[in-house]
Each structure stands twice: as C-alpha cells, then as structure tokens.
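Participant: Residue strings, one per chain:
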Amino acid sequence: MKVVVDGVSQTYTDRRGQRVEALAGVTFTVEAEELVAVVGPSGCGKSTLLSLLAGLLAPTSGRVGFEGELPAGRPATAMVFQEFALFPWRTVQGNVEFGLEEAGRAVAERRAIAQRYLELTGLVGFERKYPHELSGGMRQRVGIARALAVDPAVLLMDEPFSALDAQTRQLMQEELLGIWERTRKTIVYVTHNIQEAVWMADRVVVLSRRPGRVLDVVPVELKRPRTEAMLGELAFVQAVERIWGLVKAQARAALLEGAAPAGADEGGQR
Amino acid sequence: MRPVPDRTRALRRRAHPLARALGLAALLAAWEALARSEAVPALFLPSPLAVLAAAGHMLRSGELLAHVAASLGRMALGFGLGALGGVAVGLAVGVFSFVEAVGTPLIAATFPIPKIALLPLLILWLGIGEASKVAVIALGVFFPMAINTYTGVRHADPLLLRAAVSFGAGRWSLVRKVMLPSALPTIFAGLRLGAGTALLLLVAAEMIAASSGIGFLVLHAQNLMETTALMVGIVVLSVLGLASHWLLTRLERRAIPWKADA
Chain L
17 MKVVVDGVSQ TYTDRRGQRV EALAGVTFTV EAEELVAVVG PSGCGKSTLL SLLAGLLAPT
77 SGRVGFEGEL PAGRPATAMV FQEFALFPWR TVQGNVEFGL EEAGRAVAER RAIAQRYLEL
137 TGLVGFERKY PHELSGGMRQ RVGIARALAV DPAVLLMDEP FSALDAQTRQ LMQEELLGIW
197 ERTRKTIVYV THNIQEAVWM ADRVVVLSRR PGRVLDVVPV ELKRPRTEAM LGELAFVQAV
257 ERIWGLVKAQ ARAALLEGAA PAGADEGGQR
Chain C
361 MRPVPDRTRA LRRRAHPLAR ALGLAALLAA WEALARSEAV PALFLPSPLA VLAAAGHMLR
421 SGELLAHVAA SLGRMALGFG LGALGGVAVG LAVGVFSFVE AVGTPLIAAT FPIPKIALLP
481 LLILWLGIGE ASKVAVIALG VFFPMAINTY TGVRHADPLL LRAAVSFGAG RWSLVRKVML
541 PSALPTIFAG LRLGAGTALL LLVAAEMIAA SSGIGFLVLH AQNLMETTAL MVGIVVLSVL
601 GLASHWLLTR LERRAIPWKA DA
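Chains as they are written, first to last, in my numbering: chain L, 17 to 286; chain C, 361 to 622.
A few of these clues could be false.
Here are the simulated PhoX-like cross-link-like pairs (lysine-lysine), alpha carbons at most 20 Å apart as the crow flies [what the hints assert, rightly or not]:
no., chain 1, residue 1, chain 2, residue 2
1, C, Lys-619, C, Lys-537
2, L, Lys-239, C, Lys-537
3, L, Lys-18, L, Lys-201
4, L, Lys-201, C, Lys-619
5, L, Lys-201, L, Lys-239
The set of hints was computed from the structure by calculation and includes no laboratory data.
Since the structure is predicted, the reported quantities are computational estimates derived from the model, not experimental observations.
Throw the hints in and build the complete structure from the sequences for me.
Facilitator: Dropping the structure here:
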C-alpha cells in the first residue's frame with residue numbers, strides 16, 4: 017500500500033491561545049515495501065506528520081491517505097512510540113496482544129500471533145514480565161512486536177530508538193532492518209538522527225524547521241542488506257553531508273530561537 | 361594520598377529494628393507499672409494485664425464477639441456500598457464530559473458536610489435500625505472514593521490513551537483497559553481514606569443510636585464505670601483499624617502487580 021501526503025498543512029492553537037503552524041504544504045509519497053525516513057530539526061512537525069498518518073489528528077488542509085488494496089482485517093497503520101507507550105499493567109504478552117484484542121481476534125489466535133512476533137523480536141522468555149522489569153531496549157522490542165502483531169500495511173515509527181543509549185540504539189537499528197528484510201513492511205521512520213536515517217532508509221525526506229516544509233527528498237544509493245561497513249562508503253557519507261547541509265542552517269536558527277518550544281513536535285496532538 | 365571522604369553520612373538512615381519493638385514494649389511496661397503503683401485509681405487507668413484479662417473473659421462469654429460481629433456487619437455493608445457507588449460515580453464523572461459538568465459542582469457542594477451531621481436526618485428517614493447506620497458509613501466512604509476515582513481517570517496518561525486509540529480502541533475499551541487501570545492506585549488511596557472514615561462513623565453512629573456494636577460497648581461501659589471493658593472496646597477498635605489497613609495493603613499488591621513495590 018502506498019502512502020500519499022499531499023499538500024498537508026497543520027495549524028494548532030497553543031496553550032497561550034496563539035496559532036502555531038506546524039506543517040506547511042508537505043507533499044511526498046512512500047511506495048509499498050519502502051522504508052522512508054523523515055528527518056528535520058526539532059520542532060519541524062515530524063511527529064505531527066505521523067499523527068496525521070495514524071489518524072490521531074486531522075490535517076488543517078491537504079490530504080493524507082493510502083493508495084492500493086488493503087486486505088480485509090488488516091489495519092492501515094500501527095505506531096511505535098518514542099516513549100514506548102506500553103501499558104504498565106499488562107505483561108509483555110498482554111501488550112503485544114492489545115491490538116489483536118481490539119481487532120476482535122479469538123484468544124487462541126491472539127496467543128499464536130503474539131508468540132510469532134515475540135520470537136521475531138527476541139522476547140521469548142519475557143512473556144510474563146511487566147514493562148517496568150525490562151530495559152529500555154527490551155521495552156521498545158515490545159513496542160515493535162505490538163505494532164507488527166496487528167500486521168499493519170504501514171508501520172509508523174516515531175523516533176523509536178532516541179530514548180535508548182547509543183550502543184543499544186545501534187543494535188536495535190540492525191535488528192529492525194533484519195525484521196524489515198523478513199517482513200517487507202512499508203515503514204515511515206521519523207528521526208532527528210541523520211546517520212540513522214541514511215543507514216536505514218531507501219529515501220530520506222528532509223523537513224525544514226517550523227513550519228515544516230519538504231526541503232528535499234534524498235535517495236540513498238546503498239545496497240541491501242545494510243552492513244556496518246557501509247557507514248564508511250562514499251554514498252553514505254555523501255548522503256549524510258547533503259542532508260546535513262540542508263538541515264544545518266535550519267537547526268542553528270531553531271537553536272537561536274531559544275524559545276524553540278520544548279515538545280513543539282507534539283504540539284499539534286494535544 | 362588523602363582518600364576522598366564519604367560525604368553522604370548526613371543522608372544515611374538506618375532501620376533500627378530493635379527500637380521499633382522497644383518503644384511499644386516500654387509504653388506498655390510504663391502503663392502497667394503506673395497502674396500497679398496505685399498512684400492512679402484503677403477506675404481511671406486499669407492495667408494492661410487487667411484489660412487483657414477482661415478481654416479474655418468477654419471473649420469467652422460471647423459478649424465481645426457479638427459486638428464485633430454487629431460492628432463488622434455494618435462496616436462491611438456500608439463500606440462496600442459506598443465504595444461501589446463511589447467508583448461508579450467517579451468513573452462516570454471522569455469519562456463523560458456531560459456527567460462531569462453536572463456532577464462536579466454537586467460533589468463539591470455536598471462533600472464538605474461532616475457526614476455524622478446527617479445521621480439524625482438519616483434516622484428520621486430510615487428509622488433507628490441498621491439502615492441509617494449503614495447509610496451514614498456508605499456516605500462517608502462514597503465521597504473519597506468518587507473523588508479519587510475521578511482524579512485517577514482524569515490523570516490517565518494521554519500518551520497511553522493515544523496509543524490505545526491508535527490500535528483501534530473505542531470508548532468502552534479505553535475505560536476498561538486504560539482509564540480504570542490508571543485509576544487503580546488512586547482508587548486504593550481512596551479505599552484507605554474511606555476505611556478510616558468508615559471506622560469513625562461506625563463508632564459515632566453506634567454511640568448515638570444502637571444497642572450493639574463496639575461503639576455501644578464503649579459508651580455503655582463508661583455509663584457503668586467499667587473502665588476495663590471500655591479499654592477493651594478501644595483496643596478492639598485499634599485492632600480493627602490495623603486489620604483493615606493490612607487487608608487493603610494485601611489487596612492492593614494483588615490488584616496492582618505492575619507497581620514495583622506498591
């Protein structure tokens with residue numbers, strides 16, 4: 017299924033009653049089975065974009081939608097959250113089964129599907145643990161398994177590894193790519209980390225600072241499967257430099273703005 | 361080399377396990393000694409051992425158990441009704457904005473009334489029997505439960521609500537699978553508050569209009585100048601308070617297993 021974002025603008029009213037423009041005329045597409053990363057400085061409306069795709073927010077203007085057949089019983093999207101957003105009162109198993117419950121699947125079927133994704137994400141043996149008993153990396157595995165379990169046509173990932181330490185993040189990126197090779201999900205991956213975006217994605221959508229506009233869509237000319245050795249390849253370095261060139265001035269301006277509202281990314285969703 | 365000094369000494373707290381038992385024992389010993397010295401007449405201050413003996417006697421005669429059973433029955437019924445009603449109303453007020461608009465001013469207006477002041481009115485309406493006592497306890501428990509449930513529901517993490525919605529949860533699912541579990545810790549805090557209030561109202565109601573129960577026992581013993589029996593009543597009340605606290609703690613651990621050390 018193809019993701020279409022067509023001329024989307026998003027304006028919201030903040031707590032002081034001021035109108036804030038989060039996104040301005042954003043247009044791009046994500047082809048089926050493509051992994052597209054969205055990068056931009058903080059407060060560029062990256063997360064707002066994902067909320068629009070997830071149906072957690074209606075665009076002020078423009079269109080967000082999907083093209084192509086959606087098989088019956090499958091949701092269009094499922095989201096992996098930056099702060100994990102696991103239900104603390106549910107065990108690992110219970111969290112992974114949540115979406116299946118809401119989809120009305122039978123108990124035995126839920127068990128079987130959950131087991132498959134617990135295996136895929138390396139959570140076997142942790143089924144009965146509660147989220148507070150797990151490390152950050154393990155928690156996000158639960159978040160990924162929960163999203164994959166409903167078999168969405170498009171997987172939405174909102175800075176999924178930014179709350180993890182650098183080493184865990186590297187490992188989780190590799191694991192995610194491994195999972196992607198096997199499941200071939202269409203993925204929209206939001207991050208502020210350019211290296212991460214280039215290393216993982218087929219194409220990188222570069223957003224400007226608020227209001228977010230598409231500065232460029234950079235294709236990544238790296239073979240699959242991606243390996244760590246590719247971090248030194250010319251194609252990798254060039255893509256990173258090209259994106260950093262676009263983002264640098266934007267990030268500096270955002271920095272000097274000082275009041276760059278903390279959590280402006282989320283602003284549109286409240 | 362000068363070693364780096366440990367600067368955390370001012371922050372250190374030790375457990376002192378012996379002191380915990382010692383304080384209680386010392387109080388009892390001092391009380392016993394004072395009573396035996398006959399510096400205070402036994403009518404005003406019977407000795408702990410005498411109270412214990414009286415308790416044993418009242419237990420064997422069945423008198424004590426009858427009073428405890430009467431009190432427990434009233435308390436359980438009133439507490440149960442008040443807690444259920446409070447949780448139901450708190451949920452409704454927390455979930456539906458219309459009920460919130462209607463309900464919050466009503467609760468704010470009636471909550472500050474000391475519930476014991478309503479007992480005469482309740483006796484007028486429900487008669488002097490069990491119903492009025494149960495009702496006053498239920499009212500006392502209802503308010504902390506309703507307010508705590510409402511607070512818990514309204515403070516459910518918006519991120520978790522969004523996550524649930526993103527996985528297709530409807531309103532009923534949100535209530536059952538996110539709001540209610542989010543509210544459980546504050547609901548239990550409400551139960552603790554309610555248990556204290558229930559005990560207070562129980563004793564007061566039994567002192568005003570009853571011929572059984574521990575409140576009646578205490579007042580009746582005072583009228584007969586039976587200070588030991590009066591003391592037995594007070595000790596039983598303290599045991600009831602401790603027991604309800606212990607029970608609620610056990611229940612909370614079971615109901616909220618995801619809290620590291622609730």
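Participant: Taking the earlier hints as the rules, which of them does this structure contradict?
Facilitator: 2, 4
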